[in-house]
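Engineer: The whole structure should be built from the sequences, with the hints applied where relevant.
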Amino acid sequence: MRRWSAALAVAAVVLAAGCSSGGGDGDGAASGEPVKLRFLSLAWQKESITANKQLVDEWNKANPKIQVEYVQGSWDNVNDQLVTSFEAGDAPDVIHDDSPALSGFAARGFLLDLSSSLPSELKSDIPQAAWDTVTFGDGKGGQGVYGVPFLQESQVLYANKKLLDASGARMPTPDEPWTWDEFAEATKKMTKSGAYGVAWPMKSPVNKVLTLGLNFGGTFFTTEGGKTRVKVGAEEREVLSRIHDQLYKDKSADPSALGMGTADPLPGFFGGKYAIVPAGVYLRQQVAEQAPDGFEWVTLPPLKGVTAEQGATSQTLSVAADSKHAQEAVKFISFFLNGPNQAKLAKGDWLLPTSTSAAADPAMTQKENFWDVATASAKNLVVAPYLKVDGYDEWKSKVATPALQEYFADKISLDEVAKRLVEEGDKVLERYGR
Amino acid sequence: MGGSTVRTALKYLALLGYLVFLAFPLAWLLSTALKTPQEMASLDPTWIPRNPTLANFADAFGEQDIVGSAARSMVVALASAVITVLVALPAAYALARFRSTLNKVAIGWVLVSQVFPVILIIIPLFMVLRRLELVNTLPGLALVHVTFTLPFALWMLQGYVRAIPRELEEAASVDGAGRLRALASVVAPLLVPGVVATLLFAFISSWNEFLFALVVLKDPEVATLPLTLVKFTGPEGVVRLGPLAAASLLATIPSLAFFAIIQRRLRSGLMAGAVKG
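Sequence lines, in order, name chains E and W. Numbers in this note's numbering are just positions in the first sequence, counted from 1, shifted up by 2. Numbers in this note's numbering are just positions in the second sequence, counted from 1, shifted up by 1099.
Calculated directly from the structure, the hints in this document are not laboratory data. If you're wondering where the values come from, they're calculated on a predicted model, not measured in any experiment. Note that CB positions come from ideal geometry on N, CA and C, so glycine has one too. Be careful, since some hints might not be right.
Chain W stretches covered by chain E per the calculated footprint, using a threshold of three residues with CB under 8 Å from any CB of chain E [said to hold, decoys possible]:
1) 1133-1141
2) 1222-1228
3) 1313-1324
4) 1329-1336
Structural biologist: Right under this line is the structure:
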């Protein structure tokens, strides 16, 4: 015990002044001092950080009574950071996160229900499908809106234009996208010695498979009588077996790319080793920045199975339930996410805005860097079925990720992977469903 | 004669191999920091950048407060290293020299504290810090670092104390030195390498520590270096490699300097031949 107090005393003496910074800014509004809001942003690309900072500056200049402090966090660990902040009652006022994370926080009462406080212009500017991605149970039997959805992503294909042209495959358009069959044919044609038609980076396979699974109506979860179970039927197996066929039957996909993260196949893509890389629309930024001079690439619209639907999640801004200045925080969010501002944010992050007025912005529909193709793909987004599943995160990391990795590595059969996803998955979900 | 030349040559060769092995990551970091995005995505990477650029440094320093956060990391690391040693040293001496049941209990505590999962402690710890009003402050973080380095530092130091023959202290008392005099004139100089090694260990643990810093520090004005570096990473493990390499390269300089200053004291063999028999 004495050792502890000694350490504390020494620490205080050694580091005393200059190190600490005021955490609690108190209720300045009453005394005429400006209200201070802490805004945790997860912007990480250069242009996106600039756009975020510019909007915060603009707000701070126009609202001397409500000053926003921009705090940059990281996607890598934001939820660890938030859990501890929420538990300790010290969370930022305005929180940038994504919709899958909100459900758990909402159920535990950490986030403010925004359904009655948002201005009607903002509500009507964002379509219901996007609001669905942030509407969750409040843990007490009710429903609430726990964030404002503002950026979404769809899965598109990046193709080497020269190899695509040489293959003679039809150039797909947003109105007439490739079917999965056409995609398989094209990648077969583009596979030559030392070069593969496609690279599937499957280090994190679950979201990719679940997002694309909707192409054939595969939802992977079914809820009956309030009880959610995992389902891997014929619809869910389609995308799984089609990717597997490319790897081992057609041999048009490189098995060595399976262990890669999303951006890792790019050197091979630029070097002509892979003709096509499937990835989210945001990867256009890396492709545009890193492509060697003279390299021609195209963004192809999302594939179509029975439909071209993809499961969407959203990036969101939420208000902490503990925030002392919730009203001001909502005001700031309403400004930050209005149509013109969403267009700036989407452009900075190379993602799709949820705002319909932002999607009509000329910057979002220009041909340069395939914004037109990317923005058009937003019409296929529906709320991801897994978003409302309690226990999804645990199922994803403990059951689905290893099972899918083994399946794509050809270590287990389709029946085996289906069995594991369902049987082991149901055990996990049961615990959450009680 | 010929045999020994070959042996020396082989020794140098092995040493060179080891040096290359150690220098590789740093050299690669330097090379990456000077490359353009196009070159980083090239299938045939080169050591020497074809079109060297300082843009990554400009980006890293323009966007983030690298220098400020490095300075704060330095303050926290130095403070926690010094405090750890100050607290651990007397305890280590007592553990090594006085035999009692407390001794075994203390060693048991050290071992148990090492196997306890950190993630379980983090929220209660945060609550304690909050009560002490040490959240979002560098002393708070230094205190946490001391707490977590202390058990291992104690373990390390008591090993060094044990290695000093008791006979040396006895000889000093025979010559008329009291316990304090024996400690100051005989034990302390012999413990210097142990203290330096422990300082280095505590410094590096604190300098690299990320999770506690993430939880304890909230504002950008108090962020330490690991918190600043992670801002160059995006979702799904996508990383802005250029600015990250540039910032990391500069981040290694202060700790290298600390090593360079302190490593001369890391001599061993001081006690060779101290006790006959």
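Engineer: Now look at each hint and say whether the structure bears it out.
Structural biologist: Each hint tested on the structure:
Only residues whose C-beta sits within less than 8 Å of a C-beta in chain E count toward coverage, and the region 1133-1141 of chain W has 5 of them, enough to reach three; the restraint holds. Against chain E, the region 1222-1228 of chain W contributes 3 residues with a C-beta closer than 8 Å to a partner C-beta. That satisfies the three-residue criterion, and the hint holds. Judged by the Cβ-Cβ criterion of 8 Å, the region 1313-1324 of chain W is covered by chain E as claimed, because 7 of its residues qualify and three suffice. Only residues whose beta carbon comes within less than 8 Å of a beta carbon in chain E count, and the region 1329-1336 of chain W has 8; three or more means the coverage holds.
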